[in-house]
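The whole structure should be built from the sequences, with the hints applied where relevant.
Next come the chains, spelled out residue by residue.
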Amino acid sequence: MSELTGRTAEELGAAIAAGETSAVEVTRAHLDRIDAVDPAVHAFLHVAGESAVAQAAEVDRRIAAGEKLGPLAGVPVAVKDVVVTQDMPTTAGSKILEHWLPPYDATLVRRLREAGLVVLGKTNMDEFAMGSSTEYSAYGPTRNPWDTGRIPGGSGGGSAAAVAAREAPLAIGTDTGGSIRQPGAVTGTVGAKPTYGGVSRYGLIAFSSSLDQAGPVTRTVTDAALLHEVIGGHDRCDSTSIDAPVPPVVEAARRGLTGDLTGVKVGVVREFAAAQGAEPGVVAAFEAGVQTLTKLGAEVVEVSCPHFEYALPAYYLIAPSECSSNLARFDGVRYGLRVGDDGSRALEEVMSLTRDRGFGPEVKRRVILGTYALSAGYYDAFYGQAQKVRTLVTRDFTAAFEQVDVLAAPTTPFVAFPFGSRTADPTQMYLADLYTIPSNLYGGPAISVPCGLSEGLPVGLQIMAPTMADDRMYRVAAALESTQSPRLADQTPEVTA
Amino acid sequence: MAAISREEVAHLAHLARLAVTEDELDTFAGQLDQIVSSVARIGEVAADDIPPTSHAVPLTNVMRADEPRPGLSREAALAGAPAVENDRFRVPQILSEEA
Amino acid sequence: MSVATTDLADVLSRYEVVLGLEVHVELGTRTKMFCSCPTTFGAEPNTQICPVCLGMPGALPVVNAVGVESAIKIGLALGCDIAQWCRFARKNYFYPDMPKNFQTSQYDEPICFDGAIDVDVDGKPVTVAIERAHMEEDTGKSLHVGGATGRIHGATHSLLDFNRAGIPLVEIVTKPIVGAGADAPAIARAYVAAIRDIVRALGVSDARMDQGSIRADVNVSLMPIGATEFGTRTETKNVNSLRSVERTVRFEMLRQAEVLDGGGVIHQETRHFNEATGETMGGRVKETATDYRYFPEPDLVPLAPEREWVEKLRAELPELPAAKRARLRSEWGLSELDMQAIDNAGAFDLIEATVSAGASPESARKWWLGELSRYANEHDAELAELTATPAHVAELQSLVDGGRLTDKLARTVLSGVLAGEGTPAEVMAARNLEVVNDTGALTAAVDEAIAANPDVAAKVRDGKVAAAGVLVGAVMKATRGQADAKSVRELIIARLTAE
Ligand SMILES: [Mg+2]
Ligand SMILES: [Zn+2]
Numbered sequence: 001m002s003e004l005t006g007r008t009a010e011e012l013g014a015a016i017a018a019g020e021t022s023a024v025e026v027t028r029a030h031l032d033r034i035d036a037v038d039p040a041v042h043a044f045l046h047v048a049g050e051s052a053v054a055q056a057a058e059v060d061r062r063i064a065a066g067e068k069l070g071p072l073a074g075v076p077v078a079v080k081d082v083v084v085t086q087d088m089p090t091t092a093g094s095k096i097l098e099h100w101l102p103p104y105d106a107t108l109v110r111r112l113r114e115a116g117l118v119v120l121g122k123t124n125m126d127e128f129a130m131g132s133s134t135e136y137s138a139y140g141p142t143r144n145p146w147d148t149g150r151i152p153g154g155s156g157g158g159s160a161a162a163v164a165a166r167e168a169p170l171a172i173g174t175d176t177g178g179s180i181r182q183p184g185a186v187t188g189t190v191g192a193k194p195t196y197g198g199v200s201r202y203g204l205i206a207f208s209s210s211l212d213q214a215g216p217v218t219r220t221v222t223d224a225a226l227l228h229e230v231i232g233g234h235d236r237c238d239s240t241s242i243d244a245p246v247p248p249v250v251e252a253a254r255r256g257l258t259g260d261l262t263g264v265k266v267g268v269v270r271e272f273a274a275a276q277g278a279e280p281g282v283v284a285a286f287e288a289g290v291q292t293l294t295k296l297g298a299e300v301v302e303v304s305c306p307h308f309e310y311a312l313p314a315y316y317l318i319a320p321s322e323c324s325s326n327l328a329r330f331d332g333v334r335y336g337l338r339v340g341d342d343g344s345r346a347l348e349e350v351m352s353l354t355r356d357r358g359f360g361p362e363v364k365r366r367v368i369l370g371t372y373a374l375s376a377g378y379y380d381a382f383y384g385q386a387q388k389v390r391t392l393v394t395r396d397f398t399a400a401f402e403q404v405d406v407l408a409a410p411t412t413p414f415v416a417f418p419f420g421s422r423t424a425d426p427t428q429m430y431l432a433d434l435y436t437i438p439s440n441l442y443g444g445p446a447i448s449v450p451c452g453l454s455e456g457l458p459v460g461l462q463i464m465a466p467t468m469a470d471d472r473m474y475r476v477a478a479a480l481e482s483t484q485s486p487r488l489a490d491q492t493p494e495v496t497a
Numbered sequence: 001m002a003a004i005s006r007e008e009v010a011h012l013a014h015l016a017r018l019a020v021t022e023d024e025l026d027t028f029a030g031q032l033d034q035i036v037s038s039v040a041r042i043g044e045v046a047a048d049d050i051p052p053t054s055h056a057v058p059l060t061n062v063m064r065a066d067e068p069r070p071g072l073s074r075e076a077a078l079a080g081a082p083a084v085e086n087d088r089f090r091v092p093q094i095l096s097e098e099a
Numbered sequence: 001m002s003v004a005t006t007d008l009a010d011v012l013s014r015y016e017v018v019l020g021l022e023v024h025v026e027l028g029t030r031t032k033m034f035c036s037c038p039t040t041f042g043a044e045p046n047t048q049i050c051p052v053c054l055g056m057p058g059a060l061p062v063v064n065a066v067g068v069e070s071a072i073k074i075g076l077a078l079g080c081d082i083a084q085w086c087r088f089a090r091k092n093y094f095y096p097d098m099p100k101n102f103q104t105s106q107y108d109e110p111i112c113f114d115g116a117i118d119v120d121v122d123g124k125p126v127t128v129a130i131e132r133a134h135m136e137e138d139t140g141k142s143l144h145v146g147g148a149t150g151r152i153h154g155a156t157h158s159l160l161d162f163n164r165a166g167i168p169l170v171e172i173v174t175k176p177i178v179g180a181g182a183d184a185p186a187i188a189r190a191y192v193a194a195i196r197d198i199v200r201a202l203g204v205s206d207a208r209m210d211q212g213s214i215r216a217d218v219n220v221s222l223m224p225i226g227a228t229e230f231g232t233r234t235e236t237k238n239v240n241s242l243r244s245v246e247r248t249v250r251f252e253m254l255r256q257a258e259v260l261d262g263g264g265v266i267h268q269e270t271r272h273f274n275e276a277t278g279e280t281m282g283g284r285v286k287e288t289a290t291d292y293r294y295f296p297e298p299d300l301v302p303l304a305p306e307r308e309w310v311e312k313l314r315a316e317l318p319e320l321p322a323a324k325r326a327r328l329r330s331e332w333g334l335s336e337l338d339m340q341a342i343d344n345a346g347a348f349d350l351i352e353a354t355v356s357a358g359a360s361p362e363s364a365r366k367w368w369l370g371e372l373s374r375y376a377n378e379h380d381a382e383l384a385e386l387t388a389t390p391a392h393v394a395e396l397q398s399l400v401d402g403g404r405l406t407d408k409l410a411r412t413v414l415s416g417v418l419a420g421e422g423t424p425a426e427v428m429a430a431r432n433l434e435v436v437n438d439t440g441a442l443t444a445a446v447d448e449a450i451a452a453n454p455d456v457a458a459k460v461r462d463g464k465v466a467a468a469g470v471l472v473g474a475v476m477k478a479t480r481g482q483a484d485a486k487s488v489r490e491l492i493i494a495r496l497t498a499e
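If you read the protein sequences in the order shown, they are chains Z, C and Y.
Just so we're aligned: the first sequence equals residues 1 to 497 in full-length UniProt numbering.
Just so we're aligned: the second sequence equals residues 1 to 99 in full-length UniProt numbering.
Just so we're aligned: the third sequence equals residues 1 to 499 in full-length UniProt numbering.
Hints in this document: simulated from the structure, not taken from any laboratory.
Possibly wrong hints are sitting among the right ones.
[Stated by the list, open to error] Here are some, though not all, of the chain Y residues that point toward chain Z, as calculated from beta-carbon distances under 8 Å:
1. 55
2. 291
3. 293
4. 299
5. 493
[Unchecked claim] So these bits of chain C aren't anywhere near chain Y, every CB distance computed over 10 Å:
6. 19
7. 22
8. 25
9. 26
10. 29
11. 34
12. 44
13. 50
14. 63
15. 68
Using N, Cα and C, we set each Cβ at its ideal position, and we do this for glycine too.
Written out as structure tokens, the structure is:
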């Protein structure tokens with residue numbers, strides 16, 4: 001393994017800018033690493049080796065020509081396969097989009113390229129981002145580098161595993177109910193969900209439009225902030241994009257690294273702690289993390305989110321409802337798979353066959369559930385009521401943030417579980433998102449940062465902040481990270497096939 | 001909460017254009033029933049006077065100027081289509097209620 | 001079915017008709033409702049499309065400000081309230097010409113609601129109450145291949161062009177129109193015509209029914225006289241001419257009465273009007289009611305039109321057709337009968353333009369309802385499509401008024417204009433049709449006529465002035481009709497009685 005793949009993105013960017021190494025060298029090192037470990041990890045659905053090297057060479061040329069590029073210029077990045085890329089297939093982990101080559105780039109991909117980042121390829125995920133283990137990828141699961149018999153989390157297991165296994169220093173994930181943070185937690189990496197509206201959704205294949213948000217997956221908090229700054233900011237192509245500058249996340253992360261949290265008030269949500277099903281080892285690691293925050297000068301108080309228990313059910317009505325509509329476009333007419341068009345069948349039958357063969361079981365389950373929840377006669381009891389619960393959860397958060405600067409909670413109730421252990425009962429899988437979902441309902445930012453091990457597996461601590469106060473969570477997360485030497489993300493065991 | 005019947009799942013699958021098999025009908029009916037009963041408790045929250053939240057950010061009036069911009073070339077638009085004829089997307093016979 | 005055996009009066013002796021009209025107006029914006037694709041009519045298939053209007057994965061809509069502005073203008077012109085706050089919704093159903101398999105529309109929060117307009121039915125104003133006007137997007141177009149008539153039935157496959165997908169529509173929905181009786185077909189027609197004229201006056205749509213930029217869905221139901229509940233309605237979709245709207249209502253009234261008389265039931269269904277047969281046709285009855293699973297469009301944020309904006313738009317509204325009509329009716333001083341004839345001929349705007357170009361209202365009426373209507377009828381053309389324009393007509397009349405053309409010559413000149421020979425003055429010059437005003441030449445012609453008809457001349461001299469007609473005819477013949485008959489007659493009499 002090249003020493004280059006062990007460095008942070010920040011270090012790589014600096015070395016490239018200083019001419020100590022080149023973007024091409026860094027890119028080749030990571031491509032070599034992918035060759036070596038990805039057969040065992042299966043983080044990638046598509047590796048764009050040639051185009052990545054060409055892109056890196058272009059960055060080197062620009063640097064040689066004296067162009068002033070951003071701090072991550074020349075640094076490789078892996079992009080979750082739910083984000084469209086013009087020169088690479090985009091499948092969203094589904095057979096229905098196998099071989100689809102989008103005719104356009106997502107806004108965030110355009111921003112990565114403009115900032116000189118090198119897109120290495122597309123990462124594996126649960127189909128259409130529905131799942132918490134990548135077991136629902138149509139292309140086979142990704143394995144957790146900490147234990148290849150265990151899940152890497154989901155839906156963005158590919159991005160988290162790629163970063164944990166040092167196949168990429170940076171990755172893009174998307175988070176609808178925890179799909180950046182929960183994989184981050186179980187792979188010992190940093191995953192941040194920015195404020196809803198903080199990163200453009202244009203080009204992000206929609207799962208649940210009112211919840212989806214793209215964000216960084218990295219090995220350090222500073223790297224996450226640096227990547228956040230590249231992809232964040234207003235986009236006229238996304239009507240829900242907030243027209244305001246990106247909060248000063250990098251500055252906040254650097255301030256956090258000083259290890260001083262004096263004056264910061266951290267709330268621990270009583271109802272989160274009381275929730276059933278969290279593993280004792282997870283709770284212990286979380287409590288140790290909170291202890292550390294106190295030692296760094298933070299004031300920790302208990303707060304209440306009385307409607308917390310309704311967040312998960314509300315989510316499991318809102319997300320399927322929106323997805324049932326968002327996924328209607330996959331009908332085999334304009335792009336993607338078409339099944340059964342042999343001249344004997346009418347369109348409706350071809351469409352239905354296409355969708356039945358093209359979608360996996362979890363997608364079908366949620367599409368049917370969402371169709372049900374939006375039906376006349378059920379709307380008020382389900383989707384309508386879920387949106388009211390959303391209001392109540394938002395009010396809870398707003399009230400809590402009047403008392404504290406940030407909230408802390410475990411990221412997910414359990415460490416990486418063995419493959420197959422939660423697929424039989426869908427509601428068991430849904431519990432993985434118990435602590436992450438409230439932020440999606442509320443729209444505020446949240447980050448998962450490693451806080452320790454349980455049974456030898458990483459545990460994540462989640463910091464939640466008010467809307468557009470993303471900087472606060474980076475500061476607190478960086479402070480926690482500063483107490484770890486070496487960082488947990490740098491302790492990923494060597495993967496063996 | 002009433003159980004979701006097999007027939008109801010079949011109707012939902014039709015609305016969603018999913019040609020589910022008989023086996024899938026049984027599986028989904030059972031699983032949906034379980035999911036629906038696990039989420040049904042949101043009905044416990046008295047929320048008559050609570051406004052629903054449809055958007056996480058309180059934005060209004062996001063509009064664009066009425067200025068044309070280039071879109072996709074026809075070649076790019078049709079490139080991913082399963083079937084094309086005469087510069088158009090080709091689909092099998094549409095059976096419609098409409099005469 | 002033989003509906004000829006019953007007539008409307010008979011139907012109305014037993015049933016009351018309830019009408020409802022949903023008019024879709026395609027806005028004349030430069031770009032689509034939710035993306036920046038151009039909206040040029042008749043472009044090559046699939047050349048005005050982008051990831052958004054093709055429903056590509058990941059693409060997101062952004063609202064066209066001019067689309068919203070146009071919808072508000074329409075609402076104001078229809079006397080509607082403008083919502084303080086409203087949202088778009090998704091109407092979910094699968095259809096191949098709809099790229100996302102949902103239509104972005106408005107559901108329970110339309111931007112305009114509760115209006116009314118007066119429409120003119122044979123000179124009587126009839127008030128039609130408007131339920132709502134909301135914004136939505138159009139679908140793509142299907143071309144059905146393999147069937148005998150290009151229709152969907154019998155086609156082997158279909159081809160889709162998405163240029164039209166996403167073009168902004170405003171859908172205007174009436175409240176139920178009750179008590180129309182025998183006027184129902186005429187009210188339906190007049191209402192759609194009024195909407196057409198309003199959106200044209202507002203400049204928000206080209207309002208070309210023939211190009212589908214205005215399409216009406218016509219809802220008709222019957223209920224027994226005295227009943228309190230409406231009968232089951234049928235919805236005849238996409239009726240695309242005023243005449244067809246009228247025929248649809250009449251046909252459905254007759255058809256439904258016949259079904260009900262025979263003890264049958266009317267199914268709630270969509271039907272189609274067949275121009276060729278004048279009948280509406282149903283499809284197979286849907287086995288289940290459609291469930292569109294509406295919910296607020298999460299990709300678009302709410303609209304809260306600022307009151308200042310709405311009031312500014314209200315202040316900027318142009319004079320609307322009804323007001324303009326009332327004003328011109330009194331300014332022109334034409335009879336009620338003339339005004340009705342003008343409306344029936346659809347010549348109002350042409351006459352207005354002709355008057356603006358300088359002609360008197362009476363002369364403008366005379367040309368458009370006389371010579372030009374006759375010509376249009378013979379050639380099966382619309383008045384507005386003729387080669388002769390209001391400017392031509394005004395010019396022609398000024399030539400007559402200036403004594404350079406007689407009425408008869410003017411008609412000849414007009415036929416030249418209609419044949420594309422140029423402006424009236426050009427035709428007059430090219431065909432050498434100008435009135436002969438040269439007194440010397442005319443006197444010579446008169447003298448020649450007197451000399452050639454001594455008997456007639458003698459009669460005139462004896463006071464039998466009526467006999468002068470023969471001499472006038474001879475002079476007119478000699479001048480190839482280019483003299484003014486009245487002056488010729490005066491000249492002859494003066495000459496003969498002076499002797
Ligand atoms: Mg409509
Ligand atoms: Zn477009």
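Please write out, lowest number first, the hints stated earlier that are contradicted by the structure. 5, 14, 15
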